[in-house]
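Undergrad: Residue numbers (this note's numbering), protein chains in the order written: chain B, 49 to 627; chain S, 87 to 305.
Rather than coming from a laboratory, the hints here were simulated on the basis of the structure.
Among the clues, some could well be false.
[Stated by the list, open to error] With the Cβ distance kept under 10 Å, some of the chain S side facing chain B (calculated, not the full set):
hint, residue
1, R97
2, H225
3, K301
4, E303
For glycine and all other residues, C-beta sits at the position ideal for the given N, C-alpha and C.
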Amino acid sequence: MKTIKIISNDRKGLIENISGDFVILPAAPEKINTYIYPNDIADRTNYIIEISPDDNNPLNFNGVKIALHLYFKHLQEKKLFFFIRLIGFESKADFFYDCEYSSFLKCPNVAYQQINLDFKINIPDDINLVDTEIAIDLLKKINIKPPTSHKTHHSISNEWAIYRWSQYLGIKTSLDTEIEKSLYFQYLKTVYQISDLKETQTFLVSEGNLLLIDDEEAKGWSDFFKKLKLPSLDLKIDSIGKDFKSLDSKDDIIAECENKIRDSEFKPHTIILDLRLHDSDFEEDDPTKLTGLKVLEKIKKEINPGIQVILFTASNKVWNYQALNTIGFDGWITKESPELSVDPTFTRKALKDLKDQIDFCQKRASFLINISNELNSLKDIINKSNLFESEKGETRKKFFSNFDVTFDLLEKATQSKDFKKYFNYAYLQLFLCVEEFLKFKNIFKYGDKCYVNQNLKVAEKIDEKKWTSAIKYIEKKQNTPSHFIYQNDDQNNRLNPQQTDFKMSSVLIFFFNQVNSKFLNWPNIRDVRNRKAAHPEKAIVKKDEVLLLVNFLKYIFNSDNMKPSEQEEGLKDEEFQDS
Amino acid sequence: MIYLFEDRKDRMHILLNEKINDFNDVLFSNKIIDINKENLPNFFNSLTDLDIVILHKSYTFKDDNITSDNVRDIVKKLNKKFVLFSGGLDNAIIGDNEIVLNSGTLYKNLNFFIQNYRNNKEANLVYLVFNSQNEYLKHQIKKLQNAIFPNLIKFNQENAVKIFKQTRNNVDNYLVSSEFLEDKRKLTDYIEKKIEMKDFNHTILFEQIQKMISKYENN
Numbered sequence: 049m050k051t052i053k054i055i056s057n058d059r060k061g062l063i064e065n066i067s068g069d070f071v072i073l074p075a076a077p078e079k080i081n082t083y084i085y086p087n088d089i090a091d092r093t094n095y096i097i098e099i100s101p102d103d104n105n106p107l108n109f110n111g112v113k114i115a116l117h118l119y120f121k122h123l124q125e126k127k128l129f130f131f132i133r134l135i136g137f138e139s140k141a142d143f144f145y146d147c148e149y150s151s152f153l154k155c156p157n158v159a160y161q162q163i164n165l166d167f168k169i170n171i172p173d174d175i176n177l178v179d180t181e182i183a184i185d186l187l188k189k190i191n192i193k194p195p196t197s198h199k200t201h202h203s204i205s206n207e208w209a210i211y212r213w214s215q216y217l218g219i220k221t222s223l224d225t226e227i228e229k230s231l232y233f234q235y236l237k238t239v240y241q242i243s244d245l246k247e248t249q250t251f252l253v254s255e256g257n258l259l260l261i262d263d264e265e266a267k268g269w270s271d272f273f274k275k276l277k278l279p280s281l282d283l284k285i286d287s288i289g290k291d292f293k294s295l296d297s298k299d300d301i302i303a304e305c306e307n308k309i310r311d312s313e314f315k316p317h318t319i320i321l322d323l324r325l326h327d328s329d330f331e332e333d334d335p336t337k338l339t340g341l342k343v344l345e346k347i348k349k350e351i352n353p354g355i356q357v358i359l360f361t362a363s364n365k366v367w368n369y370q371a372l373n374t375i376g377f378d379g380w381i382t383k384e385s386p387e388l389s390v391d392p393t394f395t396r397k398a399l400k401d402l403k404d405q406i407d408f409c410q411k412r413a414s415f416l417i418n419i420s421n422e423l424n425s426l427k428d429i430i431n432k433s434n435l436f437e438s439e440k441g442e443t444r445k446k447f448f449s450n451f452d453v454t455f456d457l458l459e460k461a462t463q464s465k466d467f468k469k470y471f472n473y474a475y476l477q478l479f480l481c482v483e484e485f486l487k488f489k490n491i492f493k494y495g496d497k498c499y500v501n502q503n504l505k506v507a508e509k510i511d512e513k514k515w516t517s518a519i520k521y522i523e524k525k526q527n528t529p530s531h532f533i534y535q536n537d538d539q540n541n542r543l544n545p546q547q548t549d550f551k552m553s554s555v556l557i558f559f560f561n562q563v564n565s566k567f568l569n570w571p572n573i574r575d576v577r578n579r580k581a582a583h584p585e586k587a588i589v590k591k592d593e594v595l596l597l598v599n600f601l602k603y604i605f606n607s608d609n610m611k612p613s614e615q616e617e618g619l620k621d622e623e624f625q626d627s
Numbered sequence: 087m088i089y090l091f092e093d094r095k096d097r098m099h100i101l102l103n104e105k106i107n108d109f110n111d112v113l114f115s116n117k118i119i120d121i122n123k124e125n126l127p128n129f130f131n132s133l134t135d136l137d138i139v140i141l142h143k144s145y146t147f148k149d150d151n152i153t154s155d156n157v158r159d160i161v162k163k164l165n166k167k168f169v170l171f172s173g174g175l176d177n178a179i180i181g182d183n184e185i186v187l188n189s190g191t192l193y194k195n196l197n198f199f200i201q202n203y204r205n206n207k208e209a210n211l212v213y214l215v216f217n218s219q220n221e222y223l224k225h226q227i228k229k230l231q232n233a234i235f236p237n238l239i240k241f242n243q244e245n246a247v248k249i250f251k252q253t254r255n256n257v258d259n260y261l262v263s264s265e266f267l268e269d270k271r272k273l274t275d276y277i278e279k280k281i282e283m284k285d286f287n288h289t290i291l292f293e294q295i296q297k298m299i300s301k302y303e304n305n
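Model the full assembly from the supplied sequences, consistent with the hints where possible.
TA: Next comes the structure, spelled out in structure tokens:
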């Protein structure tokens, strides 16, 4: 059995006659404050510790804090044969009254002895085993204080989450030494031990690019996420934030985030975003002023709403959620703060949730980012296109709003299997643009005589049931879907020029100078509209089919593609003038 | 005049219950250190009414090269008192004309400290650490215990004079508050008498001191 005597130099004479090793505490008060404990502890150790080694401020009771650290370490390392004997000049009653952590004396294998003229310590020959359960119960009653500053408290929560999650997954990450050595952090490590819960199955399975934006990235989070993926996986992880403290303003931080997200080298599919990125955010009560919220707004409203954003925060306050919900985000991960660890299942649930959310977002991100880019390029085409000039000013806005609704429906469609039918709704929404386009004055004009490009007659009514047309319908044959070709069709009693297919086919042949209406897969697009999109109970539209329709729209809305035929003509008409 | 350099005004107002304006006669909190490092000594030199600087440890200086240690050194050179505070600190460190303490403790005790500063025209920084006179008295007693008891335990007839004299000096030095005046006089008279008579009973002296201490403990 070993004895360690932890005492100030001035008072070491008091226990010189007791055999054992001395740990002489430094005289400078600031050094006593930073003194924690010997790195290695051994089982079967007796400690004698002076409670007030700081002569300048004996009421600090630094010795008691050193003793608590040792107690924690023994419990954590399960070296349970040890005894702590505190010594001081005050009576036991005074000690209870003056020291805020005096309830420590109630813990097993802790005692206090007053130093007086008869002072003598008897070290027993044996030490009883400390009952961990009883010890932890009593430690919880000591009420070890968390730090008072919001920012430090936030940092402790942050470090606690990294520590806890890394431990659980059995991975090693670096922690902030100053915080790790704080009494409160060690207290948490002791009372919420998780060594029995270790699990190694929670690893990311998704691929793509993942970006972490967190001012604490360098304090373990970057390491954590990099180790959360399987080495074989094609998932690239990058992070920014460690230099945010050196940036003056919130705007500088937002600009740095924007540059990184738009960076052509690393285009993130999913962003894990901390809400508090600037020092002032830690004192901020209004969620709309948080720097992270401004970054979220920038991503969703300006950069690309398809980029998935998972909010990553130490706060689970409801006000945060409400304010952010109006902008839109795709996931929410609460860093495990000490309060949450009270629930022994929290870590397991939180990590599963974290993995599921990242995998889910990564899976849908590529499609949503791509579709958002495509819809934006459609808007650009429309802005430049002459084809919309003949229409009212609101027409462009109407189309844009249609695209926005389409995106929202697709976002919903990718949320879960239950919402798959929203792919069909999105397709129908987008197809409305085809129908609206065919109503443009200079595109197609319906009547007893139908015209493309204002003066090219493509169909004429013969009687109540019969039409003559400049294009001919070809029924589906084997692998070729039904379509129209450039060929006169006289007195056809099955033709209906009011149908979208006829109109679009005429436009493709005469407006865009195609030999038939198979151009850009129009027959497929038409069939998906009629046979799938309109019947969600029977079939679900595929992502590729949505992209095919977008591609089609990009072509027909672009006035540069307009090549009215010079050689091919519509129906001959002596009375050519439009009536 | 006390100069408080705090850039987290929200925290200040919350912890002080919006009472900062009650201290306007002795405390100035609106001054900002917005100069370059080379002008830092001039900045503090120009504060002719300066008695105490209270500085937030993570204060955001306009010039990144300035540290709280730079400010401390300048203030100490001017023979003024220096207080550094931070939310992340646990224990208060009491030094010579300077104190390092937790923000919560500072704001909790600022009123008590300022009252003493106003009344006695003297800045006793220890009042920033303790929030009542009683706690301050206790602080003096603990310091006295730490200083004299180890000696008394080592007492023998050879070192008797030395230990009695040391004890008398310690009582004199450590018990500085006026509340101790009467007890201090009685105790030092008693020790003087014993030295004069060469009657050294350290057990009785120990008991006498314990008796006095218990009067102030847990009042």
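Undergrad: So, for every hint listed, does it hold in this structure?
TA: Taking the hints in turn, this is what the structure says about them:
| no. | hint | verdict |
| --- | --- | --- |
| 1 | R97 | holds, 6 Å |
| 2 | H225 | holds, 6 Å |
| 3 | K301 | violated, 12 Å |
| 4 | E303 | holds, 5 Å |
Against the hints set out earlier in the document, a violation occurs for number 3 only.
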